[in-house]
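S.K.: So you can see what is in the structure, the chains are spelled out below.
Number of protein chains: 2
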Amino acid sequence: MQSKRISLKEAAARLAKMDNVVILCHKNPDGDTMGSGHAICRALRNMGKNARVACADPLPRKMAYMAAGMEELSFIEEHVISIDVADAVLLGSLKEVYEGRIELAFDHHATHRDFADEACVISEYASACEIAFDLLEELGAPLTKEIADCLYTGIATDTGCFKYAAVTPLTHRKIAALMEAGADHVGICKVMFDTKSLACFKLESEALSALEMHFGGTLALINVTREMMKLGGVTDEDLDSITAIPRKIEGVLCGITVKEKEGEYKVSLRTEAPVDAAKICSMFGGGGHIRAAGCSFSESPESFMPRLLAACGEELKRAGVVVD
Amino acid sequence: MQSKRISLKEAAARLAKMDNVVILCHKNPDGDTMGSGHAICRALRNMGKNARVACADPLPRKMAYMAAGMEELSFIEEHVISIDVADAVLLGSLKEVYEGRIELAFDHHATHRDFADEACVISEYASACEIAFDLLEELGAPLTKEIADCLYTGIATDTGCFKYAAVTPLTHRKIAALMEAGADHVGICKVMFDTKSLACFKLESEALSALEMHFGGTLALINVTREMMKLGGVTDEDLDSITAIPRKIEGVLCGITVKEKEGEYKVSLRTEAPVDAAKICSMFGGGGHIRAAGCSFSESPESFMPRLLAACGEELKRAGVVVD
Chain A
1 MQSKRISLKE AAARLAKMDN VVILCHKNPD GDTMGSGHAI CRALRNMGKN ARVACADPLP
61 RKMAYMAAGM EELSFIEEHV ISIDVADAVL LGSLKEVYEG RIELAFDHHA THRDFADEAC
121 VISEYASACE IAFDLLEELG APLTKEIADC LYTGIATDTG CFKYAAVTPL THRKIAALME
181 AGADHVGICK VMFDTKSLAC FKLESEALSA LEMHFGGTLA LINVTREMMK LGGVTDEDLD
241 SITAIPRKIE GVLCGITVKE KEGEYKVSLR TEAPVDAAKI CSMFGGGGHI RAAGCSFSES
301 PESFMPRLLA ACGEELKRAG VVVD
Chain B
1 MQSKRISLKE AAARLAKMDN VVILCHKNPD GDTMGSGHAI CRALRNMGKN ARVACADPLP
61 RKMAYMAAGM EELSFIEEHV ISIDVADAVL LGSLKEVYEG RIELAFDHHA THRDFADEAC
121 VISEYASACE IAFDLLEELG APLTKEIADC LYTGIATDTG CFKYAAVTPL THRKIAALME
181 AGADHVGICK VMFDTKSLAC FKLESEALSA LEMHFGGTLA LINVTREMMK LGGVTDEDLD
241 SITAIPRKIE GVLCGITVKE KEGEYKVSLR TEAPVDAAKI CSMFGGGGHI RAAGCSFSES
301 PESFMPRLLA ACGEELKRAG VVVD
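The listed protein sequences derive, respectively, from chains A and B.
Residues in the first sequence are numbered from 1 upward in steps of one, following the numbering used here.
Residues in the second sequence are numbered from 1 upward in steps of one, following the numbering used here.
To be clear, the hints were calculated from the coordinates, so they are not data collected in a lab.
Each hint should be verified, as a subset may be incorrect.
Since the list can't tell identical chains apart, any single copy or any two copies may satisfy a pair.
For lysine to any residue, the following SDA-like pairs were computed, each having C-alpha atoms within a straight-line distance of at most 25 Å [said to hold, decoys possible]:
no. : residue 1 : residue 2
1   : K190      : I290
2   : K248      : A64
3   : K248      : M192
4   : K202      : L239
5   : K163      : A278
6   : K248      : D238
7   : K4        : T111
8   : K230      : E206
9   : K145      : P274
10  : K145      : T168
11  : K190      : G320
12  : K145      : A273
13  : K261      : R61
14  : K190      : G216
15  : K49       : V258
16  : K190      : D30
17  : K196      : N28
18  : K196      : H214
This structure is a prediction, so every number in the text was calculated from the model and none was measured.
All chains, full assembly: derive it from the sequences and hints.
M.R.: Rendered as structure tokens:
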């Protein structure tokens with residue numbers, strides 16, 4: 001299906017007329033979908049409307065503050081909107097429940113796949129919370145401290161603490177306004193960026209102790225073994241966070257992480273300019289972006305890894321990083 | 001000695017009249033002293049003046065971009081100012097050379113100890129680069145891309161990437177202006193926050209593998225052994241960075257790091273509210289701040305550590321975190 005693309009002004013006008021609203025967030029929720037969802041929900045309630053946030057998975061414990069003090073309202077759902085959901089599949093178990101009834105989707109993903117009647121997509125924004133910020137302004141909804149905390153969280157987490165390329169001067173100006181509205185930037189940053197489970201620290205420690213360096217320190221390789229994956233308390237998110245480590249090592253232009261999963265091996269490649277990760281992975285039936293790509297293999301690592309490393313070596317040579 | 005405290009406006013007026021200026025930065029230079037020093041130097045040069053940055057230690061390699069394209073100028077030094085230097089002692093080897101000749105000190109440390117004829121101290125600012133930003137505006141000096149890179153670096157690094165309590169809405173508005181002036185936030189953040197030496201990663205891995213947890217996971221202890229300190233390539237800065245780790249573990253309210261150094265042991269304590277780090281350390285002849293304190297001991301760890309842990313346990317009980 002195709003959604004009618006509408007402007008933020010039009011979308012705000014639609015929302016202003018709605019009551020008894022369900023706001024859908026994506027599954028495996030992050031700070032951005034939950035932050036924008038709760039901010040819009042709180043704003044609608046402050047306007048005297050019935051609204052609730054719905055997600056296939058529960059609100060992560062560390063984001064409990066987003067919903068603090070919000071009552072469970074029971075009302076007959078009249079309108080359904082979504083925020084930060086790039087594809088109906090990402091609604092998870094809620095897809096079945098709501099598909100076909102979603103009137104309005106707010107999203108910032110350039111890859112948004114239409115599923116709602118109308119969609120307000122602003123792909124220049126680094127986060128859905130930046131859209132929610134504009135929306136609340138357009139609705140004339142005051143930025144309460146609680147709303148400011150929600151929006152701060154989403155903007156900060158979806159930009160890697162303001163480090164990503166999609167951050168703009170406007171992003172920082174919105175953050176300034178959210179701080180003026182009382183956002184607890186210290187507390188939020190502590191929870192979202194500076195707290196890790198003991199299991200995650202232990203996993204990182206194990207992974208680093210098994211680190212291999214190749215091609216004069218320009219390639220780093222981490223093998224996440226079955227034993228590491230079985231460390232008590234390690235989550236999928238912790239495992240994913242490992243893939244960012246090799247490229248953070250000074251001098252590394254090609255970072256590889258290999259994980260054994262259900263009888264096959266998953267390879268994640270992260271590169272720095274001018275090394276092309278997608279090109280390397282496409283040689284092994286994988287793909288992705290120029291700086292982040294992946295592939296998988298089911299043969300033995302003893303036979304596969306030398307071929308992968310050779311391909312990386314060729315690309316490092318082509319890029320002028322490694323000399324024959 | 002006592003400096004005459006002057007406003008930023010007055011300080012800018014002084015600087016506008018100076019030529020052949022030396023700008024002193026503190027020893028062991030960080031992004032803030034180097035960023036503000038180079039920004040002011042570049043602005044003065046753009047105004048047709050002679051200026052140079054002076055520091056007891058060289059510009060760190062990762063900050064080389066701050067000085068890129070700046071010629072070595074030779075001129076007879078007429079005026080001496082300092083930026084981000086909280087105490088003359090922090091000039092290092094330049095103290096002897098310049099002490100008594102420093103006309104104007106710019107600083108953001110509330111603990112600033114006067115050493116210049118006049119001082120412009122704005123302790124509400126999270127970074128010296130925020131003072132430099134105001135100064136350049138007052139001087140009417142355009143924000144070139146190079147100056148914006150310098151100022152962005154200092155503000156970002158002195159605020160832990162905008163996470164610290166001293167960050168204000170004004171901080172973010174200045175960052176917005178610096179991005180508009182062309183600051184390369186992605187490149188700067190990559191170098192300053194997301195690049196670590198292999199040695200530092202290895203040190204962290206070793207330190208974590210020796211982690212001890214106490215009091216139901218509310219206290220984490222890292223012993224930095226002599227072997228860890230001897231890992232090739234480990235710098236003092238890397239060793240210091242270890243002290244931040246224990247407190248980052250989920251559930252930890254008291255993080256301890258112990259390092260053996262020249263026949264004695266140095267203890268660093270980092271706590272979360274309501275645990276008082278200074279109180280614990282003061283019981284062992286040390287001191288510091290409420291959330292970050294230290295002490296040292298020369299007896300054997302076998303005899304000292306149980307006493308330290310007992311004191312921490314008492315404080316955790318007092319704080320209501322640990323129950324008898």
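S.K.: Go through the copies and call it for K248 and M192: within, between, both or neither, with a Cα cutoff of 25 Å.
M.R.: Intra 20 Å, inter 11 Å, cutoff 25 Å: intra and inter.
S.K.: Treating 25 Å as the Cα threshold, decide for K190 and G216: within, between, both or neither.
M.R.: Result: close only across copies, 21 Å inter versus 37 Å intra.
S.K.: Between K190 and G320, at a C-alpha cutoff of 25 Å, which is it: within one copy, between copies, both, or neither?
M.R.: between (40 Å within a copy, 21 Å between copies)
S.K.: With identical chains treated as interchangeable, where does the CA-CA distance between K190 and D30 reach 25 Å or less: within a copy, between copies, both, or neither?
M.R.: both (16 Å within a copy, 23 Å between copies)
S.K.: Give the relationship of K248 and D238 under a CA distance limit of 25 Å: within one copy only, between copies only, both, or neither.
M.R.: both (16 Å within a copy, 15 Å between copies)
S.K.: Please sort K196 with H214 into within, between, both or neither, judging by C-alpha distance up to 25 Å.
M.R.: between (29 Å within a copy, 17 Å between copies)
S.K.: Within a copy, between copies, both or neither: which one fits K261 and R61 at a CA-CA cutoff of 25 Å?
M.R.: neither (27 Å within a copy, 41 Å between copies)
S.K.: Within a copy, between copies, both or neither: where do K4 and T111 come within 25 Å Cα-Cα?
M.R.: The answer is within: 16 Å in one copy meets 25 Å, while 59 Å across copies does not.
S.K.: Between K163 and A278, at a C-alpha cutoff of 25 Å, which is it: within one copy, between copies, both, or neither?
M.R.: within (23 Å within a copy, 34 Å between copies)
S.K.: For K202 vs L239, is the C-alpha pair at or below 25 Å within one copy, between two copies, both, or neither?
M.R.: both (11 Å within a copy, 19 Å between copies)
S.K.: One pair to classify: K230 and E206, alpha carbons no more than 25 Å apart. Within, between, both, or neither?
M.R.: both (12 Å within a copy, 20 Å between copies)
S.K.: Checking K49 and V258: alpha-carbon separation at most 25 Å within a copy, between copies, both or neither?
M.R.: Neither. Shortest intra-copy (49 Å) and inter-copy (56 Å) distances fail the 25 Å Cα cut-off.
The structure does not agree with the numbered hints 13, 15 stated previously, though it agrees with the rest.
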